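Asker: Chains as they are written, first to last, in UniProt numbering: chain G, 1 to 414; chain P, 1 to 431; chain A, 1 to 318.
Don't read these hints as lab results, they were simulated from the structure. For clarity, every value in this text was computed on a predicted model and none was experimentally measured. Check each hint, because a few of them may be wrong.
[Unchecked claim] Straight line, CA to CA, 30 Å or less: simulated DSSO-like cross-link-like pairs of lysine-lysine:
#  : chain 1 : residue 1 : chain 2 : residue 2
1  : G       : K394      : G       : K199
2  : G       : K28       : G       : K117
3  : A       : K260      : G       : K217
4  : G       : K278      : G       : K173
5  : G       : K199      : G       : K186
6  : A       : K260      : G       : K197
7  : A       : K161      : G       : K174
8  : G       : K173      : A       : K260
9  : G       : K199      : G       : K174
10 : G       : K394      : G       : K174
11 : G       : K117      : G       : K173
12 : G       : K117      : G       : K412
13 : G       : K307      : G       : K28
14 : G       : K215      : A       : K260
15 : G       : K278      : G       : K117
16 : P       : K349      : P       : K336
17 : G       : K186      : A       : K260
18 : G       : K278      : G       : K61
[Said to hold, decoys possible] Reference listing, derived: stretches of chain G covered by chain A, where coverage requires no fewer than 3 residues with Cβ under 8 Å from a Cβ of chain A:
#  : stretch
19 : 248–262
20 : 340–348
[Stated by the list, open to error] Incomplete in silico selection of chain A near chain G, CB under 8 Å:
#  : residue
21 : G113
22 : G212
23 : S286
24 : S289
25 : D294
Each residue gets a CB set at the ideal place from its N, CA and C atoms; glycine is no exception.
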Amino acid sequence: MKKFTKLGAVSALSLIIGASSAFAETIKVAFIDPLSGPFASTGANGLKQFEFAADYMVNDKGGLLDGAEIEIIAFDNKTSPKESLIQLQVAIDQGARYVTQGNGSAVALALTEAIDKHNRRNPDSRVLFLNYAAVDPALTNEQCNFWHFRFDANSDMKMDALTDVIAANEDVKKVYIIGQDYSFGKAVSDAANSMLKAKRPDIEVVGDELHPIGKVKDFTPYSRKIIASGADAVISGNWGADMLGLGKSVIENGFTGPIYTYYAAGSGMTAAFGETGKGIIRLVSEGVVNPSPSPEATAYYDAFLAKYPDANIDQTRISNTIGMLAAAITEAGTADDVVAVAGALENMEYDSIWGSKLVMRPDDHQLIQNINVSAHTNEGVKYTFDSSDYGVVKESTVEMASADIATSCKMKRP
Amino acid sequence: MNDQITTDPSKPAQRMRAGSLTLTLAPWIISAVFLAILPQIFTNNSTLTIMNQMSITIVFALAYNMLLGQGGMLSFGHAVYAGVGGFAAMHIMNMSDFFASIPLVVLPVFAGLFGMGLAMIVGSFSTRGAGTVFAMISLGVGELIAACSVIIVAFFGGEGGVSGDRTYAQPFFGVEFLQQIEVYYLTAAWVIISAALMYLWSRTPVGRMANAVRDNPERAEFLGYSARWVRFYSFVASGFFAGVSGGLFAINYEILTEENLNTASSGVILLVTFLGGVGYFFGPIIGAIVFTLLQTVLSLSTELWAIYAGSLFLATVMFFPGGFAGLIMMHVAPFKLGKLRLLIMPYIKTLIPAAIGILGLAALVEMTFHVRHAAAGDNEMTLFWTTFDSHSLIAWAIAGAVTLIGLGIARVTAPSLKEAWDEANTAGGAS
Amino acid sequence: MDLILVNLIDGLVTGLLLFMLSAGLTLIFSMMGVLNFAHASFYMLGAYFAYQISIALGFWMGLLIAPLIVGVLGAGVERYGLRRVHQYGHVPELIFTFGLALLIEEMVQFVWGKNQMPYSVPEILNFSAFAISGNSIPAYKIFMIFISISIFIGLLYVLTKTRVGMIIQAALSYPRTVEALGHNVPLIFMGVFGVGTALAGVAGVIAGPVLGTFPGMAFVLGSIVFVTIVIGGLGSLWGALFASLLIGWITTFAKAYNVKMESILNAIGFTTPENMDESMLRDLWSLTSPQIADILPYILMVLILIFRPAGLFGKRTQ
Chain G
1 MKKFTKLGAV SALSLIIGAS SAFAETIKVA FIDPLSGPFA STGANGLKQF EFAADYMVND
61 KGGLLDGAEI EIIAFDNKTS PKESLIQLQV AIDQGARYVT QGNGSAVALA LTEAIDKHNR
121 RNPDSRVLFL NYAAVDPALT NEQCNFWHFR FDANSDMKMD ALTDVIAANE DVKKVYIIGQ
181 DYSFGKAVSD AANSMLKAKR PDIEVVGDEL HPIGKVKDFT PYSRKIIASG ADAVISGNWG
241 ADMLGLGKSV IENGFTGPIY TYYAAGSGMT AAFGETGKGI IRLVSEGVVN PSPSPEATAY
301 YDAFLAKYPD ANIDQTRISN TIGMLAAAIT EAGTADDVVA VAGALENMEY DSIWGSKLVM
361 RPDDHQLIQN INVSAHTNEG VKYTFDSSDY GVVKESTVEM ASADIATSCK MKRP
Chain P
1 MNDQITTDPS KPAQRMRAGS LTLTLAPWII SAVFLAILPQ IFTNNSTLTI MNQMSITIVF
61 ALAYNMLLGQ GGMLSFGHAV YAGVGGFAAM HIMNMSDFFA SIPLVVLPVF AGLFGMGLAM
121 IVGSFSTRGA GTVFAMISLG VGELIAACSV IIVAFFGGEG GVSGDRTYAQ PFFGVEFLQQ
181 IEVYYLTAAW VIISAALMYL WSRTPVGRMA NAVRDNPERA EFLGYSARWV RFYSFVASGF
241 FAGVSGGLFA INYEILTEEN LNTASSGVIL LVTFLGGVGY FFGPIIGAIV FTLLQTVLSL
301 STELWAIYAG SLFLATVMFF PGGFAGLIMM HVAPFKLGKL RLLIMPYIKT LIPAAIGILG
361 LAALVEMTFH VRHAAAGDNE MTLFWTTFDS HSLIAWAIAG AVTLIGLGIA RVTAPSLKEA
421 WDEANTAGGA S
Chain A
1 MDLILVNLID GLVTGLLLFM LSAGLTLIFS MMGVLNFAHA SFYMLGAYFA YQISIALGFW
61 MGLLIAPLIV GVLGAGVERY GLRRVHQYGH VPELIFTFGL ALLIEEMVQF VWGKNQMPYS
121 VPEILNFSAF AISGNSIPAY KIFMIFISIS IFIGLLYVLT KTRVGMIIQA ALSYPRTVEA
181 LGHNVPLIFM GVFGVGTALA GVAGVIAGPV LGTFPGMAFV LGSIVFVTIV IGGLGSLWGA
241 LFASLLIGWI TTFAKAYNVK MESILNAIGF TTPENMDESM LRDLWSLTSP QIADILPYIL
301 MVLILIFRPA GLFGKRTQ
């Protein structure tokens with residue numbers, strides 16, 4: 001009896017997988033990110049931005065090369081490295097030669113390694129990895145490879161920009177660093193310590209600590225320590241519920257100084273912070289949406305809102321990713337030979353509609369771009385987040401941040 | 001009140017009786033042949049990857065059922081034994097000199113030994129009691145080790161996990177395991193071997209005593225067996241095979257991360273085993289296959305896969321506590337009575353409308369989801385190979401009508417199915 | 001010294017919140033002998049319902065209505081789900097609640113989406129009650145303490161002083177006898193289940209604004225509630241109270257003070273190794289108490305189960 005179950009199951013399986021593997025005249029980009037589970041909102045929002053970018057920037061303008069369209073195929077990895085590797089295999093079988101992912105450095109590290117091995121073992125079906133949001137410095141340092149390109153600034157570069165801004169703020173004398181207990185939280189803490197020391201030796205780091213990731217129910221004890229330490233500013237690399245919980249708790253217990261964050265916007269967080277976060281929450285990111293950096297950006301955002309009234313463009317790098325990929329395919333004259341496309345991407349200079357020049361550094365495949373520090377507010381916000389009255393407005397910009405940051409990457413080219 | 005957690009004592013764990021040697025061996029030989037020819041039918045890598053994932057889950061679920069089904073011990077933290085075995089295998093992979101001297105095929109043995117070692121340590125204090133005490137200790141230990149995975153970076157590699165390269169092992173008869181198909185055969189061989197070993201274990205005196213201890217520890221003690229040591233042996237053996245599955249995971253994915261240890265993975269394996277049926281040896285195999293398909297293939301088609309999986313699971317617990325295996329074995333009695341064909345027509349009359357009704361319900365759920373979450377102006381959705389406007393009344397009317405009619409017919413015909421079922425299970429009588 | 005007082009208050013709030021969840025769970029356990037895995041899911045439902053009601057009718061109506069809805073839902077689950085599964089034994093019952101927890105989480109995501117909900121403290125309580133050397137204690141926390149303590153007193157009164165409470169207590173221990181005396185025992189069971197889940201609902205309503213209202217909120221709290229009632233002793237209301245406060249204070253103080261493993265190890269006579277990078281134990285040496293604060297309850301539970309399997313206040317041995 002079990003044989004029949006197995007047979008039926010497997011034939012259903014091949015039917016579903018095989019259904020879409022027929023060859024078509026599209027350039028397939030596999031989007032491997034969480035669409036279910038705790039981080040689904042970030043993934044689903046990213047997918048909307050990718051689909052919109054592909055349609056608006058490429059497909060509606062007649063496609064690439066001889067009219068080939070970019071097709072985004074979504075794969076749900078449930079933020080699990082294991083599921084990501086299975087979905088990667090499915091994506092490759094369906095003919096995707098470009099893979100994009102962003103949520104979770106653990107997944108990105110698993111993917112970049114798997115792609116490197118796959119490309120070595122299967123030279124006929126090589127793929128490129130377009131990383132749009134995983135910021136672990138290791139991806140463009142000791143774990144770098146030729147197939148991986150990062151379109152976001154890595155966490156060290158963001159911290160470099162952030163500490164520039166903090167250094168310029170004379171009111172800040174004492175800083176408290178708090179983050180989640182894993183590689184990214186530690187990277188933020190290390191970078192903040194060393195960079196603050198170099199830029200403003202007079203700033204005292206009054207606290208530096210890590211808390212378990214996703215396990216803290218109540219942040220009150222941490223906020224008590226932060227307030228008791230007399231800190232003027234807080235730096236945190238937290239994301240998701242940990243960011244909201246920490247931020248709300250610190251503010252509720254009486255903190256009034258700036259909280260410098262990486263991820264305290266969008267995905268419901270802007271709405272949830274609302275009035276309490278005004279004038280306190282700061283965000284370091286690439287790309288600017290308020291004030292709109294260019295007429296093209298305004299048109300782009302308006303068209304996006306017409307399609308998805310409830311969604312945000314909180315990751316401007318997604319349109320940069322699609323734009324640079326399209327430019328590289330055009331320059332290489334082919335979408336199938338990913339080595340040629342990778343060659344075209346390396347060292348590419350590209351003008352983003354979000355008001356920055358972008359340069360893909362060939363040494364480590366890290367994109368060099370402007371980095372901004374924005375404030376959470378309801379004043380002067382044209383494009384709000386989460387259908388609330390609040391959004392982020394640019395306060396300061398670091399031009400071509402960390403363009404000369406050192407890398408330990410030893411790129412092996414095919 | 002009896003707090004002893006047991007499965008239904010009236011149903012012994014194994015119904016399979018060894019009739020003759022050929023009859024005993026037949027399922028194993030058929031399975032082996034079947035696994036060997038599968039890749040001839042499905043050649044693409046993704047299908048192979050999914051079948052590998054199924055195989056890993058099968059070994060793990062069988063190992064888990066050694067506790068739950070055969071020993072009556074409910075564990076909420078069994079993923080740690082598979083995980084620790086896998087991490088150990090990864091570290092062996094990274095010890096380049098040693099790894100180059102062993103063939104890859106024996107790696108799961110090392111992983112199993114590490115899983116077993118951990119099980120011996122934990123089992124030394126957790127198997128003293130069964131029931132709630134055992135379940136809660138397993139939960140606590142599981143949480144502890146999972147939490148350690150981000151704290152003890154030296155062994156667990158933190159958030160990024162530990163990765164390696166399987167191809168640096170000593171070539172096995174010239175095979176370097178570069179291709180997915182080679183890994184498939186390795187995994188398939190291990191599935192057969194582990195399943196056979198676990199089956200044989202359940203035939204040994206200790207395996208038999210596990211059933212007795214599950215059902216009535218006091219009486220088992222009167223037979224001269226220490227209930228505690230019987231539980232301990234089952235636990236350690238289960239830890240070994242869980243470790244083997246972790247080793248297979250390491251070979252397939254070449255990376256182990258925190259997710260191999262966390263409570264979610266432990267919960268999933270409980271669901272898988274129960275879904276398949278804890279009362280029969282082959283139950284977890286079915287559970288592993290169905291669940292992997294749900295998780296990997298259904299999630300390609302719909303974001304709502306977890307809702308369907310959850311509903312299926314609840315329905316199973318409520319209506320078929322024997323799981324899929326129990327459902328299949330319910331038909332053995334009518335089959336032996338030669339009355340199986342009596343059931344065919346009633347089944348067609350009830351189950352097909354019910355299935356259509358359920359699909360209609362799923363369509364309604366999907367349409368609600370689409371209306372709520374799709375882009376503005378994007379009213380077009382594709383369901384069951386038809387593309388239509390999710391905001392149009394007609395689509396809703398059709399889906400609603402299909403649901404009502406399907407479930408309605410099933411409801412009307414259900415009594416006659418019940419009658420036919422009773423009839424088919426009654427010995428004698430002419431019809 | 002001031003900080004100790006502040007931490008005592010914070011720990012009390014955490015502990016009492018935990019108690020509202022564990023009180024219901026422990027009652028349900030002593031009644032049916034089943035650990036209800038979906039208990040924290042009812043807590044989540046409480047928060048989401050209250051958020052939805054608070055949009056239309058304000059916070060106070062949410063506090064009043066949401067627990068009622070949750071209680072009715074809970075009673076429905078007992079009547080149409082658990083009672084059916086009960087005949088198959090304890091493992092299927094436990095697994096049923098496990099599956100229910102997963103399904104409720106998915107349903108919540110289906111209805112409300114996956115984002116954080118902007119459910120916040122009502123304006124009238126949104127001020128600082130008093131401050132202890134610069135650390136403000138929000139009025140809402142005082143309100144939480146007040147609500148939980150009155151619930152505990154009310155529960156204790158009903159269970160020990162009223163006729164209904166007597167019948168419930170009797171039904172918990174001798175259901176057959178109570179039934180023979182003409183009481184409707186299944187109805188009592190359903191009622192207790194409903195009240196237990198309603199208590200979880202209350203906890204969700206008042207915790208939602210401070211701890212966040214999001215689909216993962218049940219999972220974060222889920223297993224810690226079990227730990228609480230196991231430490232306290234299954235079925236014991238006092239045990240649940242004691243264990244809740246204990247866990248509240250332990251975790252709060254472990255987070256509030258940076259105790260380093262290095263200093264503990266040095267104090268008992270080990271010397272810090274010269275070169276840490278090579279040692280496999282380097283992570284052990286750099287361990288700090290906030291890192292492990294949230295796993296301390298699990299360590300405590302395992303130890304208690306090994307040395308006193310009935311829990312601190314439990315009478316029954318397993």
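Asker: Does each hint hold? Answer for all of them.
Answerer: Hint-by-hint comparison with the structure:
Only pairs whose Cα atoms come within 30 Å are accepted, and G/K394 paired with G/K199 is accepted, the gap being roughly 22 Å. Between the alpha carbons of G/K28 and G/K117 the distance comes to roughly 21 Å, so the proposed pair stays at or under 30 Å and holds. For the suggested pair A/K260 and G/K217, the alpha carbons sit about 22 Å apart, so the restraint of at most 30 Å is met. Among the hinted pairs, G/K278 with G/K173 is consistent with the structure: their alpha-carbon atoms are about 22 Å apart, no more than 30 Å.
Proximity of G/K199 to G/K186 is assessed by CA-CA distance (about 20 Å); at most 30 Å being required, the pair is judged to hold. A distance of roughly 24 Å separates the Cα atoms of A/K260 and G/K197; the hinted pair therefore holds under the 30 Å criterion. A distance of roughly 57 Å separates the Cα atoms of A/K161 and G/K174; the hinted pair therefore is violated under the 30 Å criterion. For a cut-off of 30 Å, the pair hint linking G/K173 to A/K260 stands: about 26 Å separates their Cα positions.
A C-alpha spacing of about 14 Å is found between G/K199 and G/K174, which places the hinted pair at or below 30 Å, so the restraint holds. Our distance criterion of 30 Å between C-alpha atoms is met by G/K394 and G/K174, whose separation comes to about 24 Å. Distance check on the hinted pair: G/K117 and G/K173 sit about 48 Å apart at the alpha-carbon level, beyond 30 Å; violated. Note on G/K117 and G/K412: the hinted pairing holds, with a Cα-Cα distance of about 13 Å set against a maximum of 30 Å.
Distance check on the hinted pair: G/K307 and G/K28 sit about 22 Å apart at the alpha-carbon level, within 30 Å; holds. Distance restraint check for G/K215 and A/K260: the Cα-Cα separation of roughly 20 Å lies within the 30 Å cut-off, and the hinted pair is therefore satisfied. Distance restraint check for G/K278 and G/K117: the Cα-Cα separation of roughly 47 Å exceeds the 30 Å cut-off, and the hinted pair is therefore not satisfied. Annotation: proposed proximity of P/K349 to P/K336 holds, straight-line Cα distance about 23 Å (limit 30 Å).
Our distance criterion of 30 Å between C-alpha atoms is met by G/K186 and A/K260, whose separation comes to about 17 Å. At roughly 40 Å between alpha-carbon atoms, G/K278 and G/K61 are farther apart than 30 Å, so this suggested pair is violated. With a cut-off of 8 Å between beta carbons, the stretch 248–262 of chain G has 5 residues touching chain A; three or more are needed, and the interface restraint holds. Evaluation of the coverage hint for the stretch 340–348 of chain G: breached, as 0 residues show C-beta separations to chain A shorter than 8 Å, against a requirement of three.
The restraint placing A/G113 at the interface with chain G holds, with a minimum CB-CB distance near 7 Å, inside the 8 Å limit. The closest approach between the C-beta of A/G212 and any C-beta of chain G is roughly 6 Å, which is under the 8 Å cut-off, so the hint is satisfied. With a cut of 8 Å, the hint placing A/S286 at the interface with chain G is violated, because the nearest CB-to-CB distance is about 10 Å. For A/S289, the interface hint is violated, the least distance from its beta-carbon to any beta-carbon of chain G being 10 Å, above 8 Å.
Among the interface hints, the one on A/D294 holds; its C-beta lies about 5 Å from the nearest C-beta in chain G, closer than the 8 Å criterion.
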